[in-house]
Amino acid sequence: MPIFYPQADDKLAIMWLAEGVSVETAVAPLPEGTPFVVSENFDLDPDFLDAYEFNEETGAVLNMDKAKGIRLDQFREARKPLLEALDVDYMRALEVEDSVAAAAIAVRKQELRDVTKLPLPDSLDELKAFLPSALNP
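With the working numbering, you'll find the sequence shown wraps up at 137, consecutive numbering, no jumps.
Hints were generated in silico from the structure; no laboratory data involved. The reader is advised that the hints may include incorrect statements.
Claimed, not checked - Cross-link-like lysine-lysine pairs, in silico, BS3-like; alpha carbons within 27 Å at most:
no.	residue 1	residue 2
1	Lys109	Lys80
2	Lys109	Lys11
3	Lys66	Lys80
4	Lys128	Lys80
5	Lys117	Lys128
Stated by the list, open to error - Distance windows between CB atoms, simulated:
no.	residue 1	residue 2	range
6	Asn41	Ile70	19 to 27 Å
7	Trp16	Leu62	29 to 37 Å
8	Leu94	Asn41	36 to 44 Å
9	Leu135	Leu62	51 to 59 Å
10	Leu94	Glu56	39 to 47 Å
11	Arg76	Val38	35 to 43 Å
12	Ala28	Asp87	20 to 28 Å
13	Glu126	Met91	45 to 53 Å
All C-beta atoms in this analysis are idealised placements derived from N, C-alpha and C, irrespective of residue type, glycine included.
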C-alpha cells in the first residue's frame with residue numbers, strides 16, 4: 001500500500017507500507033507536520049513518475065506540463081543518434097560537393113530539431129502515444 005508525501009524539492013515521494021507495519025510507524029521518520037496520504041492503489045504511470053505532485057486529497061496528481069517536458073526529453077534522446085548520423089552524411093556530401101544532398105540533409109536535420117516545437121496532446125494516454133513523424137523510422 002503506497003503512502004504519498006511531498007519532498008522538500010516539490011517532488012512526490014512514495015513509501016510502501018510493509019505488511020505488519022502500522023502507518024504511524026511508517027511515517028514516524030517524516031519531518032513533523034509533513035502531510036501524507038495512504039492510498040489503496042498505485043495507478044501512476046512509471047514512465048512519468050517525475051510529473052506527479054503531492055495532492056492532499058488523492059495523494060498524487062499529474063502535472064501535465066511536467067509530463068510534456070518528460071516527453072520532450074524523450075524526443076530529444078530519440079533524435080540524438082539520428083542527428084549524429086545525419087551530421088556524418090552531411091560532411092560526406094560536402095566532401096564530394098553534393099549540394100543537393102547537403103540541402104536535403106539540412107532539411108531533415110531541421111525537421112528533427114523542430115520536434116520539440118510541435119503542440120503536444122493534453123491527455124497522458126495521447127501524449128504517450130504521440131510520436132512526431134520525423135522520429136518514425
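Okay, the hints, checked on the actual structure:
Pair hint Lys109 plus Lys80 holds up; C-alpha atoms about 10 Å apart against a cutoff of 27 Å. Proposed proximity of Lys109 and Lys11 is contradicted: the alpha carbons are some 35 Å apart, above 27 Å. The suggested pairing of Lys66 with Lys80 holds, with an alpha-carbon distance near 21 Å, which does not exceed 27 Å. With a C-alpha separation of about 19 Å, the suggested pairing of Lys128 with Lys80 holds against the 27 Å cut-off.
A threshold of 27 Å between alpha carbons decides the hint, and for Lys117 with Lys128 the separation of about 17 Å falls inside it, so the pair holds. In this structure the supplied range 19 to 27 Å holds for Asn41 paired with Ile70, their Cβ-Cβ distance being about 22 Å. For the hinted restraint 29 to 37 Å between Trp16 and Leu62, the CB-CB distance of approximately 20 Å leaves it violated. Separation of Leu94 from Asn41 is about 57 Å and departs from the stated range, judged on CB atoms against 36 to 44 Å.
Against the hinted window of 51 to 59 Å, the Cβ-Cβ separation of Leu135 and Leu62 comes to about 23 Å, which falls outside the hint. In this structure the hint that Leu94 and Glu56 lie 39 to 47 Å apart at CB is violated, the actual value being about 59 Å. Evaluation of the 35 to 43 Å hint for Arg76 and Val38 yields a pass: the beta carbon distance comes to about 37 Å. Range check, Ala28 to Asp87: about 55 Å between beta-carbon atoms, so the 20 to 28 Å window is missed.
A hinted range of 45 to 53 Å for the beta carbons of Glu126 and Met91 is inconsistent with their spacing of about 38 Å.
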